[in-house]
Amino acid sequence: MSKKNVSIIVFPGSNCDRDLSVSIQKYLNVKVSYVWHNDSKIENYEMIFLPGGFSFGDYLRAGVIATKSPAIHEVIKYAKKGFPIIGICNGFQILTECNLLKGTLLKNNNQLFKCENTHLKVENKESIFSKNLKKKVVEFPIAHAQGNFYTTPDSLKELEDNNQIIFKYSSKNGNINKESNPNGSLNNIAGIINKKKNILGMMPHPERAVDKFGSQDGILFFKGLGELL
Amino acid sequence: MIYRIYISYKEGILDPEAEALKKTISNMGFKSMKNLSKGKYFDIEIIDSNKGLDEIRKISKDLLSNPVIENFKIIKK
Amino acid sequence: MIYRIYISYKEGILDPEAEALKKTISNMGFKSMKNLSKGKYFDIEIIDSNKGLDEIRKISKDLLSNPVIENFKIIKK
Amino acid sequence: MKEISKKIISDHGLSKEEYLLIKKILKRKPNLLELGIFSVMWSEHCSYKSTKKWLKTLPTKGENVICGPGENAGIIDIGEEDALVFKMESHNHPSFIEPYQGAATGVGGIMRDVFTMGARPIANLNSLRFGSPKHSKTKNLLSGVVKGIGDYGNCVGIPTVGGECFFHESYNNNILVNAMCVGLVKKNKIFYSIAKGVGNPIIYVGSKTGRDGIHGATMASAEFDDNSESNRPQVQVGDPFMEKLLLESCQELMKEDAIIAIQDMGAAGLTSSSFEMASKGSCGVRLNLEKVPCREKNMTPYEIMLSETQERMLMIVKPSKKKITFEIFKKWGLDAQEIGKITDTGNMEIFFEKKIVGKLPIKPLADSSPEYDRPAKKPAKKKFKSVTCNLSIQEALIKIISSPNHSSKKWIFNQYDKLVMCDTLFFSEQADAAVIRVHNSNKAIAITCDCNPIYCNSDPKLGAAIGVAESWRNLIATGADPIAITDNLNFGNPEKEEIMFQIKEAINGIGIACKALNYPVVSGNVSLYNETNQKSIFPTPVIGGVGLIKDLSKATSMKINKNDSIFLVGECKGHLELSEYNRACNNNEGKPPELDLKKELRNGRFIRNFIQENNNIVSGCHDISEGGLIIALAELAISNKKGIKVKTPDHVKNYERWYFSEDQARYLLIVKNDKKLNEIAKIKNIKVQKVGEVKGNSFSIINKFEIPIKKLINYNNAWFNNYIEK
Ligand SMILES: Nc1ncnc2c1ncn2[C@@H]1O[C@H](COP(=O)(O)OP(=O)(O)O)[C@@H](O)[C@H]1O
Ligand SMILES: [Mg+2]
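From first to last, the protein sequence lines are chains A, B, C and D. In case it helps, my numbering puts the first sequence at residues 1 to 229. In case it helps, my numbering puts the second sequence at residues 230 to 306. In case it helps, my numbering puts the third sequence at residues 307 to 383. In case it helps, my numbering puts the fourth sequence at residues 384 to 1109.
Isolated chain A (complex conformation) (with noise of 0.2 Å):
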């Protein structure tokens, strides 16, 4: 086991901080700390996770209230000194909404929360979190309520030029299409990095799919991040 601990950031409201840790402690095979929103101080910051969950109930827009907690201060500034970052569902919506990451998550297309299995095409298998996939489509289940990624014409191109969409919904075999878009997310986007490239954003639950009774595809994508410890 590497002796770096990993930090967990836990808000009023988070609830697959445990689900989470469960994975990285077992594939990642690290330990983890959690740190409680009104922490000022992040101890180990060589990688941090923002959990699923409706943080502060997720009142207003998902995301929004979390981005104010003090220890979101401290992610930014880790952000900002390249350190990696990785936001899941709400945690991809809180990364938004203090602008690490471009664009926005609106409510899914059809208004309702989903809960399903999604493929996922890995778009750029360069990035230092999908690098270790090795495989072309991965299955991650989804469950959101706010999971339709927009942004504008401009930072999608931004983000198109610079590689930086790593996962779009997908059918089994990697056919990007309507059908296989679960919320209405704009070229089925489900899952970028920053410019700088050291924070992602997902929607769909790796952490989720570590269990032989449903995919295990979640155990590569952990694994894969050992590396960068």
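It is possible that part of the hints are untrue.
[To be verified] Residues of chain D placed beyond 10 Å of chain A at every Cβ, according to the derived structure:
#, residue
1, Pro516
2, Lys530
3, Lys627
4, Pro676
5, Gly716
6, Asn797
7, Gln798
8, Asn969
[Unchecked claim] In silico BS3-like links for lysine-lysine, alpha-carbon gap of 25 Å or less:
#, chain 1, residue 1, chain 2, residue 2
9, B, Lys267, C, Lys346
10, D, Lys765, D, Lys887
11, D, Lys1024, A, Lys212
12, B, Lys252, D, Lys522
13, D, Lys412, D, Lys738
14, A, Lys41, D, Lys714
15, D, Lys714, A, Lys68
By construction, these hints were calculated from the structure, which means they are not laboratory data. Think of the CB as a built atom: it goes at the ideal place given N, C-alpha and C, for glycine as much as any other residue.
Fit chains B, C and D with the ligands to the known structure of chain A by using the hints.
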């Protein structure tokens, strides 16, 4: 003193909820509607008007609206 | 012709979102706020004003508002 | 103070006799506050006055039962240090008035009942009944209820893993929303609601009290009429975020050895929570109502005591732990207040701004809570004419799987987060019962809820017993050992003799089945007066069953693999009355199938042991229920997206009876090795016969018909999508 802050979608941004409503309304047989858009508002009561208004501007910008997709407008009630 | 329909909670109904926002705003260090309430609005453009207004009333009652917990108010813009 | 008029008394749902009893207990006239307290304590909802006598007959003990009915929820032992806490509760009336909030707060309430005992909720289920899809209200009610259930559980982060949804015109104006929650606790960390220790502080925590649902508890016990909708009482609004904070802060506080007793403020709010805690601990309480955090201005003691604001808890803590208690709640951003003390007076003394505003003796009030033996009468037997059915097997199959009650419920459960907590092994439609891993262990639990109101309407006793047996079968089919049930008894007005008859019969049926299957009742809920304009719902005693899978690698779903053989375990007797097949032909009369509990046990044990001992050759298992053999087979094909070739055994003469009968005690067992199954079945003297094979891309009965699997799936998915979109 109460200020009302209106939040609305920026022009050109598709509001799926409004789209869904339009569809429902026409399905319900209402034929007069030409267009529908929607927004939210917040009524904030403050103590002191100078500093208060300043705070309201900040709250509107930093919290209540999402600059990627929304505009806000502050009106004294 | 555009009508604006305001939807707000009936008095005494718990609005957990407003409660959460009040807390956040005061945690953000803004001290002037005495109270906050919120609502939504819809701008509906219609063709014909007589029948149209009638339809708007129906839409407001049957679709846009939840009469158990919400009030609505129609205003000509 | 307002004089108590006859009208006030009847507005409070109290009878003349009950009012006289109140005066006798108090030895004086009550004031309005006291009257209000009596009325909620003696409401059907809180006192079970019409059913208590019969509920006492249920079997509630067993080697695995740690806590039976009487507490917030029941508790069973699942080995090592672990126990499960579970209960089901109805939110029928509130959900009809405001489907989204009604259903959401139902989920919130049942979760609090579970975590108040120290458990962490690990699974939610729900059992829903709506009116005819053609009824003007049904669509809105369906969308609102499902969204309400989903949004609440999703936000708190508890997976909603199963349930049922059934449409029938008898629910047109009285829908049923029953929510079940299962929680996990360490056996030595269970918390109860027994107040102790004179002088100990009573702490209030959670949402501020508003004028929500005042009289909700009495409302839940009153029949609707056409005015109910306009006469709307204040509905309760749920705040799942607050619930999550309460859950986490209570879990944290429970580690501190601070809590003496704890209880959620459910129906009848502060009144019943404080009263019940004191009553169980045989002590008195003194409440200072001005200390209660209020959301609205000028709330009266009456309103504060009767408010049903959600997401509030009451607890008695050790005085030495007051500081840490407040610190923990503060960390979670919650308002906590000391609102009173435990006393030795035996009275509930209510103070408001230093003045005493109400005083009630606790024990006499509890002891004299009414218990009725209401008259019951068996309705006259109706004669019926059997209509012959002229649908072909294929037509009937398609009609049934594309009907509202049998089409895929994906539209519903895709709105539920089924996977949060990462321990869901199987959820609805993957297996007969949801299977959830006990976190960080090698065991799992299976959970299901069931009721067939069509059967219950014809024969409440047999119908209810079949409900118990079906839930037991569903657990067995996942490889679990069934342990215990919770129940939710939904009926019409008990003051009517034929309804009282249904209630007594159903409870009797549950008791008989539970005794025979060694499957005790550890908790439950009763919802009466589900009628509008004299029209009652079908009797709907919903059974929530829980079982244990000691080795989770043996958990079994409805999985089938190519080239597997499908065997029918159990006997076909050809009972078609009240079957889906008959109903598809508008033939709605008759008796439910016969239930032989001995055979049920024998077949169930066989399946359970076979799954456990020969797991390597078992692919899946599925019980046969509504729709009969052919629907069970079609469900396997649909959920696996795989073709099945069905072969009719040579001895079969009547195809309709063979494929559609709803005889009990039957399963489909899907195996990789025919010989082994035949051998073992022979030794155990169990009737098994091969009915099909997993092959190809279509669903077919040899020499009868063939439907491409994609088409079959479309039939099964179409109804919900079309219904909601339109
Ligand atoms: N039908 C029933 N079968 C078994 N136990 C029941 C039934 N109905 C109620 N109970 C038990 O009676 C007690 C009181 O229930 P209830 O008033 O619903 O509690 P709460 O107000 O906490 O929700 C509980 O312990 C419950 O399990
Ligand atoms: Mg309770």
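Now for the hints, and whether the structure bears them out:
Chain A leaves Pro516/D outside its interface by the beta-carbon criterion, the shortest separation being 19 Å against a cut-off of 10 Å. The Cβ of Lys530/D sits about 7 Å from the closest Cβ of chain A, inside the 10 Å cut-off, so the non-interface label is violated. Remark: the non-interface label on Lys627/D conflicts with the geometry, its nearest Cβ contact in chain A lying 6 Å away (cut-off 10 Å). Under the 10 Å C-beta cut-off, the non-interface status given to Pro676/D relative to chain A holds; the minimum distance is some 19 Å.
Distance check for Gly716/D against chain A: the nearest CB is about 6 Å away, which does not clear 10 Å, and the non-interface claim fails. With a least CB separation of 5 Å from chain A, Asn797/D falls inside the 10 Å interface cut-off, contrary to its annotation. For Gln798/D, the shortest C-beta to C-beta distance to chain A comes to about 5 Å, within the 10 Å cut-off, and the non-interface label is violated. Residue-level check passed: Asn969/D sits 34 Å from the nearest beta carbon of chain A, beyond 10 Å.
At most 25 Å may separate the alpha-carbon atoms for a hinted pair to count; Lys267/B and Lys346/C meet this at roughly 7 Å. For the proposed pair Lys765/D and Lys887/D, the alpha carbon gap of about 20 Å is at most 25 Å, so the pair holds. Only pairs whose Cα atoms come within 25 Å are accepted, and Lys1024/D paired with Lys212/A is accepted, the gap being roughly 19 Å. Distance check on the hinted pair: Lys252/B and Lys522/D sit about 16 Å apart at the alpha-carbon level, within 25 Å; holds.
Between the alpha carbons of Lys412/D and Lys738/D the distance comes to roughly 19 Å, so the proposed pair stays at or under 25 Å and holds. The hinted pair formed by Lys41/A and Lys714/D meets the criterion: a straight-line CA distance of about 17 Å does not exceed 25 Å. Straight-line distance between C-alpha atoms of Lys714/D and Lys68/A comes to about 16 Å, which keeps the hinted pair within the 25 Å bound.
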